Structures are given as structure tokens and as C-alpha cells.
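Chemist: What follows is each chain in one-letter form.
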Amino acid sequence: MSGLHVSDLRVVRGAREILRDIDLDLGPGEICALMGASGAGKSTVLRSVAALQAFDGGTIDVGGFTLHPGPVPRQSRLRELRSRVGMVFQAHSLFEHLTALENVTLAPVHALRWPREKAREVAMKLLEELGVAHRAAAYPRELSGGEAQRVAIARALAPDPVLLLMDEPTSALDPARRGALGDTLGELARGGGRGMLISTHDVEFARAACDRVVILSQGVLVEEGPAREVLANPKHPATRELLQHRDSPAA
Amino acid sequence: MNPIPTTHSPRLGRSRRLAVSSILFIAALLGVCVRASAQSAAKPPLRWGGDAEGGAPFVEADPADPSKVRGFDVEIAEMIARGLGREPRFIQVAWASIEQSVERGDFEVGMSGLEDRPELRARHSVSIPYYEFHEVVAVRPGDRNRYRRLSDLAGKRVATLGATMAYQMLLDEQGRSGLVPISYDDDVHPYSDLAAGRVDAVLLDNIIAERSLRRMGGGFVIQPEPAATGHYVAVFAKANAALRDSANQILRARMRDGSLERTFRRWGVWSPAQGEYFQRVLAAAAQSPEREAQTAAVPGAGERSLRTYLPALLRAAVITLILSCLAMALAVSVGIAVAAGRVYGPPVVRAALTVYVEVMRGTPVLLQLFVIYYGLSGVVRLPAFAAAVLGLGLNYAAYESEIYRAALQAIPRSQLEAGRTLGLSEWQILRLVRGPQALRLALAPMTNDFVALLKDSSLVSVITVVELTKQTAIYATNVGSWVVPGMLCSALYLAFSLPLSRFARRLEQKWSAA
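Chains as they are written, first to last, in the working numbering: chain E, 1 to 251; chain F, 1001 to 1514.
Derived by calculation from the structure, the hints in this document are not laboratory data. Note that this is a predicted model, so its numbers are computed, not measured. Check each hint, because a few of them may be wrong.
[What the hints assert, rightly or not] Partial list, computed: chain E residues near chain F (C-beta under 10 Å):
id: 1; residue: 39
id: 2; residue: 47
id: 3; residue: 51
id: 4; residue: 54
id: 5; residue: 93
id: 6; residue: 122
id: 7; residue: 124
id: 8; residue: 155
id: 9; residue: 162
id: 10; residue: 165
id: 11; residue: 188
id: 12; residue: 190
id: 13; residue: 192
Note that CB positions come from ideal geometry on N, CA and C, so glycine has one too.
Bound-form chain F, shown alone (with noise of 0.2 Å):
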């Protein structure tokens, strides 16, 4: 029996925020029906957050009942909820967004393939680890001898899930070898341009790895060595250690009596090793109850981090200006194209221009940088930079060219007709009388857009380009908190955007000036 679906499961979704924060809406208003609805009955359900978009075999839609989940987190969250005494109920959230929604009481306990690490346990009520993955390093076939370890692949492109501690892994040997971390939002895509030759390698947990190989039959082989080793547990808020405690000895009792192995079993993720690691686990505990419980605060944890994101976030918001520039750059020159063919073309080539307009502007964004990144890999295998930039640039390009259009219609006939008589080419005429003054009409939509552009350069984020607004959810997710990255991304953003619309208005009343 083989459970993994051969579906497409990306593990995180954080670039589709709307999506996230309106689940997150549902999710807390399910939570307060819940409470509601519970206040009369003895027991009420227990309720466990997870990210079903991870996909098998922690959390995934049950393809015979999709409103059903399934994996064996789910079947987990059913043995603490059962040793409870309490029925499990499931309420879906974004991977990312597990630790601050269980904060929140949208749920009482996250679970899904969370992995174990100080600044958890900092924050949150953290159960025992309940099972022991490895971060492995997978190359292409012809790499194997090669690339075996991190330390092999200094200077080469690594791909790994953003927000992970694989993430944090390659970022500690980024400073040590010089290898280049590549940050994705889903973990089928890594693999898929590590066979592409997008990038030399890819460092996951080993159950993701495994499901990648059966997935995609091939492309990749995955180093036998481990890069290192994590847990998996299940998240609670800091508040609330007594359920933590209880959720503890149930899982105790269930690596006990066997129950743990035969779901891992029934999953296909079961190892003699993972037996000797839930007999340690057993025995710390016989030795010093509840020591895993520790959570000793890390003292001035809050600076030293802005210490060490604030340089990266810099970085990022640098890469946000530059790819601004040249996508509002190629904008602006298809744009004036597009427009130019639009007003002076033959009937083919105005037709077929407005259908180039009206596909950019009836299409999401995103599912143009998904079809020129991954859909034309086929075809031609863009940077993700180079894609970023030219997705951008030819979705403005469509807005620019609407606005170039009108502001090439405002100007008078009879001065056009007057360029005429006067003996100016038609070229002559647009560059010289026609242009110059459509630009000045266009200058405060045009300055609209760059700002706009600014904002939404943070989709490219999908495609693995680490901006500013992807940096700071990369801190956020670190540090816990928005509050701090957040501002800090914030006044980023104005910083570029408030002068550029300053000097906008500047110019503009300069030219109306003269």
C-alpha cells in the first residue's frame, strides 16, 4: 500500500496571505462556535490545528472523503484527544502560521511535522518530540560522488522549504562555505528544479525527500549520510503546559504499548532507529519527569535577532528596489510599445495587442510568475531573478500601456494636424510633440504604479526570490512575533515609496509650471 498521493502538495501556502489570514478568520470564528457550542457539554472536542496542504504523511485531505483528513499527525491528534476523553476536531491553518494560531486559542494543539527547536520551546508549551527525522541532502544522479555533504556544496545553489531549520542550516553554512540558500514556499518544487538543474541540491527532511523520490520516480538521489537530525512535536500555547503534560504521558503511554510504531508503520515512515529513539525517550523520562518541559527564556533573544536580521533585511529590501527598477523599466518600454502599436497599428496588430492587454489584466500575477517560471521550464529555464522581473514587467506593461494609450488620445488633434502641415514625420510627431506631453499626463499614474509594483514585487517570493516582504516573514517566523519585523519592513517600504511619490509631485509641478 502505497499512502502517498501522487497529487501536487506543496507544505506551505505563506505567499497567499489573503488565503492564510481568511482561514485564520474562519478558523478563530470556528473556534469561538466551538467554545459556544461546547459551554453545555461535558467534554468538549479537542481542537488541533493543521496544515493539510503539507499533504501525506502528516496531514492530507482523505481522497475518499476530502473533508476528512488523514496521515499520521491526524491519527496522533486522535490519541491524545481520545486519552483525553475528548473527540478530535480538526481546523486547517497555514503551516507558518501554526505557532501564533495556537497562541491565539484558535486551536489547542498544533500538530504537522512542526519541528523542535530552542526558539519554540522559548515560546510556546512544546509536547515531547514524537518521532526523529533527518535532514538529508539529495543531488542530481551524476553529483553523487560529488556532493555528499552541505560542506561539498560551497558556492552552489541548496533549495530547502523558507522557515525550516533546513532553511537555518544552509543559512549557518552560507556564512562558512558560501553555499546559496534558496528559499521555496512548498517542498515539491525544490526537487522538481534540482532534476531541472535549477539548483545542485536540496535539504529536507528525510520523510519529504523519500515521498519526492516515489513522486517523481527519479532525478535525484538522496545522500545516505545525514545532515542532521530533528524532531517532530506538537505545539501548545505557553499557558497552557497542563494539557501539555497530559498530551506528554499519553504519548509516553503510546510509544509504550505500540500504538505509535504501527502508525508510523501503516505510513511507511517507521525505522528500527526510531524504535531506539522512542526507548531514550521512555528512559530520559523514567530518569527526570517533565525535563523536556524546560523552557528557560533566552535572555535578549528580541536584539539579538534584529542584530542579525536587520543586515538581511536590508539586503532583501535592496533586491525588493533593484527588481522594482528593472521590472518597471521593461514596463514602462513594453508599455509605450504596446501603446504606440495600439494607437497607430494596423487592425491585426491593435487586436492582438488587446488581447495581450487583457490577458495581463484579467490574470492573476501569480499565475503569470508560476507559468514563466515553471511553465515555460520546458521551454526556456529562466533565473528565477529573470523571471521575477520579466513576470512583473510584462504584467505592468499591460497597466502602463492602458495609461500611455489615453494620455496619447488627450493630446489635441489639431496639434497632431498642425505637426502635419509643418512637414514632422508621423514619428517625428509622436516623438517630439505627441510624446513629450502624453509623458508629463502620464507621470502621476505612472508614479502610482511603481509604488504599486513595489508592493506587489513580494509575489515573486513563490519563486524563490528572497524580497523584502519574504525576508521578513522568514524573521517573523523566527523571532515569533510581526510586531518588530513587521515596523521594520513597513518603514522600508515607505522609505522608498514616500520620496518617489515626493518627487513625483515635484516634477509634475515643475512641467505645469512651464
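Chain E with its partners taken away, still in its complex shape (with noise of 0.2 Å):
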């Protein structure tokens, strides 16, 4: 069994219902966007999938390893989850101290307890194939956002996850990077038969990029289907507006 499944997902803070019943799918190589207003609930979603966070009713399912509701488990009892589930997060989160190459392979070395040489092997290879090889040397600070967001990537792909999530990564990058982002991630995705999901206020990155999106609106997953036909042709009211915005991109 691969993939992610969430099902009733149910997240609350105090009296405030965050995110409702919400059921998500996504098969091996498939990109699903997560679309949806600021405060829909879409990084409360990638959070409570990539255990940073509680949620207070439903389960998480990532390739056999299930997450049930209560407070995040131990680090120690998640080696299973950690190994499947890599994360991109919005600010790129590099180690300021480590160099591009040293932030790929830091976890595979201490984390997996790989060979530093066939750490380095993977993680020269990840960089290659996302076009920032000759940044290796690199410290975070004299990065670009985009090659910084490129070596973000590498570091999540290193332990060879099956689920990718990342967090608004177009939202440092300009219009042809953004495209670009999406040919990589396509590659990725297929190549090695990984499921991504990325929260995103980008419609054109959505549609060149995702086979399929997702629409919360208030905590409630309002519409999903292929990416394509629910942006070509939207049903829901909280789909038009985004639609409506994607000129004018809110942060």
C-alpha cells in the first residue's frame, strides 16, 4: 500500500473548528495541488500530515503508517513517517550552516546512518537533476531564492520519500521559475513514483504542474478533481473567487 489517505481529518483550536471532515487521496506520481484562500486550512493540513502538529479527529495514512488524533507522537515512534513523508517549507528553512551539499545529505548521514560517501553520491545526483550541482559549495545566504528553494527540494528528496509536501513553493520565485519548478517536480514526481501534495495560491502553477486540485474554503474541502477541468470550469463559489484573484496573487 503507497500513497496518502486522510480520512474525517478534524482539526480544532479552542472553539474554532480549523479544518472539517476532510478526505484526501493521492496515488503514487500523482501532484495534487491544494488550493484555497489564505486561513483555508492548507498548512494546517501538510502540518498535521507531517506529524508537527496535533488534530483532534480523523486518521493519516501514509503508505501503512497511520496517525491517529491526539498530541504528535515521539520523534523515536515516527522513523517510519519520517522516512516516507519529506517537506518543503515556505521560507526555503536551509541549515544557515551548512553548505547546499551538507544540508542533502545531513539527514541521510545521521538520520538513516548512511555512508557519508553514498550520501554524498545521492545528494550530488538530487542536485544535478534540479539544476543546482554547481552550487553545492554554497552557504544558504549566498543562494537565490530560486536555487535555495531547489536545494530545499534535494534536502526533503535525499531519504527517497514516497509523499512529497511542500509548502507554497512558488511564492518566492518569478512567472519562468515557476515553471520551470513545475517541469522539475513533474520529472520527480513520475521518475521515482512519488505522490506530491503542494498548497499553493498559484493557478497557473496548479494547472501546468498538478494532475489534480483540491479547494478548501473555511477548513471544508469544497471541490477536487483534475486540475484542468476544475480550473477551466469551477463550481464552487470559493473556486471562482481564487480564480478571480490569480492576476493579483495574495500572499
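Take the two lone chains and join them into the complex the hints point to.
Modeler: Now the structure itself:
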């Protein structure tokens, strides 16, 4: 069993329901855009799946590893999940004191106990695929936004996860680079049989790079389907509103 | 009647420089006021300086009226004042500063069990000796037959007051027999440390030794054979030889008419030998008046003392450096543990560590040193150096922990979450991601703290560790000037702190470039 299965996901903060009854399935090699206005709950979905925060109802299953409601389990109990789920944060969050290459090899060497040589080989190959191999020795502060983004993706992919979560990957990129990123992600997903769940405001990116879209509005999943269909022919008012704002993407 | 107070009365407080300098300042102000008000009066009061911290029988605060002082030095000062037709006025001054204050003109006469020594005569006008005392060796009762005199104490720790004749004797004996001199800032703790086994003997004036024996009611015995003989004198400014000569006449008259004897009897320090001594003084004066007033300059005294003291100063500088490095190592290790506990620990641990940090930062390090060295001596008897490292280290650990805590919290949360999603354990995230970056942020404040620690290490002289500042003070007291010792001492401190700051700046530059 591979892929992501979220059923009846519910998150409550105080008296406020942040997510309600979210059902979401993602197959291997599938790229799914998670769209919605700011505060719709996109990040909460990603953070719940990544076991960075607790949720209050439902289950999350990644390749047979199931998360249940309640506090986030201890890191030592999440080893299986961690090896299956990678995440790329909105602010790329590279480790500032390490070079690009060291950022990528850190987890394989220390969490997965790979020999350094092997970690290095895998990392260089990933940096090459992402087109930033020439920046391997650079520190994060020396990288452009796009380069840092790609190094962060390489870092998340190094442990070879079956599922990659990305939070607003295009927010720091100019339009040309967004297209290039979409192409790269497509290759990485199909080549590795990896599912990708990508939260984004960027309609063009979703249309070009994603197989499927899921629309969230105020914590509820209001519409989902093949990207081209949903974005060409939106049914729910929230989706229509998203499309209207596409020329002036809100932060 | 026992005039000896049962209160704790340290004779010296040289380490409390701030207090000393403020007292000096106030004394100087007082002096100015007195001078101003005295201009109209026919006979101005005789301002005399002494240290009431020295306690009975020299000078102590009067238990009946603490604004007044009493003691045999007080009575002798009164005799001199009355003999001059003036009123005595007491000015409090730290014992070690009496000579310099009298030369500055803060007061006209300095008296407080001041020892007659050649350097004193070379630099100031000095009265005839008015009391003969003995340096005596005190040992634990069990050592009574083993350690009879200084030469029996090769390789042993022998305590005394710093900057005294006794301390100089111990230094000389160190060169001969390898005895280890331990210098104290007060005359109470040498004896309590003797009883406690921290030192093997104490060399001090018989008056002080007998007073301590009465106070402690045992714990040590005084060897009958005196190690040396010394004299108490009054000191005047070099230029004020005329006043000194008048005072000498008065002192001789009081020796003759028995009033000095009565005073010493009242304070329980009279002996027939003292009477014989008075006779010798009076006979010598009859033969050659003012013979004792000779003040032959010691040629090349400055150079010789520089050559003598420079090695001691360098040794003390090494002690300062080693002490600071060890204390800093302790402060960093404990500081990291405390910071980690406050960031990662459960609420109980966090609360306990917060209390630790606040107590350490909120109370004087001087107090902490006293508590660790003297306060805990019933539980664990730490050597002075270990207590110094522990005291400074634990104090600075509180400051370090705050630096590390702030630095740890400055690392963006998303980096920690990235580490988590990558499968690193919390410990690995701290060790590989959070720690190294926090350390870089902490480097500059840490260096500042180390330089501060280097300077604060001078405080440990209160628990008998002789480090750079203490050694400088000893040097300065002996040569009678702070100019050369002060410059040498500053140069040594700067030689440590400047390269350190530079080193830290370079490290920072390297890391910020990286």
C-alpha cells in the first residue's frame, strides 16, 4: 500500500474548527495542488500529515503508517513516517551553517546512518537533477531564492520519501522559474513514483504542474478533481473567487 | 573585664576596593570640611586615621556608642592630641590605605597597629615605636611538638594577613624551606582555617593570636618561642616631621609617667617585657635625640622591588589566566546544560533552573565565594583554588545560560521542523542544527563575559587565592605607590583581554562570511 489516505481529518483550535471532515487520497506519482484562500487550512493539512502538529479527529495514513488523533507522537515512534514523508517549507528553512551539499546529506548520514560516500553521491545526483549541482559548496545566504528552493527540495527528497509535501513553493519565484519548477517536479514525481501534495495560490502553476486540485474553503473541502477541469470550469463559488484573484496573487 | 569583642572583626578589607575608595573619598571630603571649619578656630582638631574593622584592642567601634571608637590606639591618639592642645577626631580608613591617605593629607596621623618597617621610614615620617609585639606561630594542638617554629614548616601551608611583616617573613621562608604562604584579607579566617585543617600554621602578631584564641576558645595553640619582634608606630606625612617630633615627645612623656602602661593594661596587652622595652626607648632617646627619626633613603629601592616583584606578578598572572579558563569552561558547560534545561525541560526543571539563574545573577559573586569557601566548609572542605573556580564558574554559568537560551530561541522554528520532518531526533536537531548556529550567535557575548570574568577573578583574593590584582596590591603596599604596579597589572590584563577580543572578532568574521 502506498500513497496518502486522509479520512475525516478534523482540527480544532479553542472554539474554532480549522479543518472539518477532510478526505483526501493521493496515489503514487500523482501531483495534487491544495488550493484555497489564506486561512483556508492548507498549511494545517500539510502540518498534520507531516506530524508537526496534533489533530483532533480522523486518521492519516501514509503507506501503511497511520497517525491518530491526539498529541504528536515522540520522534522515535515516527521513524517510519519520517522516511516516507518529506516536506519543503515556504521559507525554505535551509540550515544556515551548512553548505547546500551538507544540508542535503545531513539527514541521510545522521538519521538514516548511510555511509557518507553514499549520502554524498545521492545528494549530488539530486542537486544535479534540480539544476543546482554547481552551487553545492555555497551556503544558504549565498543562494538566490530559486536556488535555495531547489536545494530545499533536494534535501527533502534525499531520504527517498514516497510523499513530498510542499508549502507555497512558488511564492518566492518569478514566473519563468515557476514553470521550470513545475517541469522539474513533474519529472521527480513520475520518475520516482512519488506523490506530491502542494499548497499553492498559484493557479497557473497548479494548471501546468499538477494532475489534481483540491479546493479548501474555511476548513472544508469544497471541490476536487483533475486540475485542468476544475480550474477551467469551477463549480464552487470559493473556487471561482480564487480564479478571479489569480492575476494579483495574495500573500 | 574582657574588652575583646565576640563579634567577627576582620582587620583588613582591601578587596572591597569600591568601599575603600568611597571611604577615602568621604574621608577626603570630611578633611576638606574640617579644614574649612578649622580656619576660624585657634586650635584645629587633630585628624587621625585608623581602621575600626581591625577591632579591639587596636581600634574598634564602641559597643555602647557605635559612632565612637575605642581601643589602645584610640587612647594613644587622644594622648597625642591632648598633648598638642587639640581635640582628636577619628577618620575611618582601610588599613592598607592608611599610609597613602596620610601622605595625601586626608589626616595628620595614622595609627592602627601599624608595623615599623624600613620602607615605612623611607617614605613617611614615623613616630618612635610605642609598643613591642612578637610574631608568633599558631598550630593545631596535635602539631604542638612537630611545628615549633617556621623552619619546621617546610612545604606546609602557613596563613597570615597580606601586606604585613609576617607575610614578608613567610615569603622569605618560602625561598628557604619551600613553606607555602597563604595570604588572607582578615585576621579571623586564618585561625578558623587552621582549626579546620585548611592551613597548618598561622604567623601573626601575638595580640591578634591571643585575641583569636580567646574568641575561638581553643582549636589551636600558640608556640611560646617568638618568630620575630616588631613594633607599632604612628605614621605622619613625610613633610610633617615637625608634628612627628612633637608626638614623639608626648609619647616619651606618657611612657615615663605610666599613662601608656595604664592604657595597655586596660586592654590586657601589658607585660613586664613591655616595661623593659619602654626603658630602652627612653634611654636611647636620652643618648641621641631623634635618632629614630633617621630616614635614609633606600637607594635603588624602586628597581629592586620591580625585579623582586615582577616574577611574582607574572606567576599571579598565570594563576589569573588558569583560574579564568577553568571557571569559564565550567560556566560554559553548566550554562549549556541550564539553557537546554530551560528550553527543553519539563516545567519543574524549568522553574528550578530559573530560580538558580535568578539567585546567581541577583546576589553578589563575593557573597557566593564566601558561602562556597567558608559557609560550606562544614559539609565539604574545598581547597581555595577549587572553591574559586566553582564560585566564579557557577556564577558565570547563570549569565552564560541566558546567552545560550536567547541564542537557542533565535534559531527559526521552521529549521527545527525541517529537522524533524527529515527524521532527526530532538537531540540530533540540538546537536547538529540548533546548537552550532546558536553557538555562533553566542560567541560575541561569551567573549565579553570571558573578559569580564578575567577581571572578576580578582575577587577570589577574599578566599586566599593570590591572583594578579592581589599580588599587585601586595606589591603596591610594599613599594608605597600604585603607579608602577598599577601599570604593570593593567598591561598584563590587557595582554590577555585584547588578543581575546581580536580572536573572537576574527572567528565571528570567518563564520559570518561562511
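Chemist: Name the hints, by number, that the structure is in violation of.
Modeler: Violated hints (numbers, rising): 1, 4, 6, 7, 9, 11, 12 and 13; every other hint is consistent with the structure.
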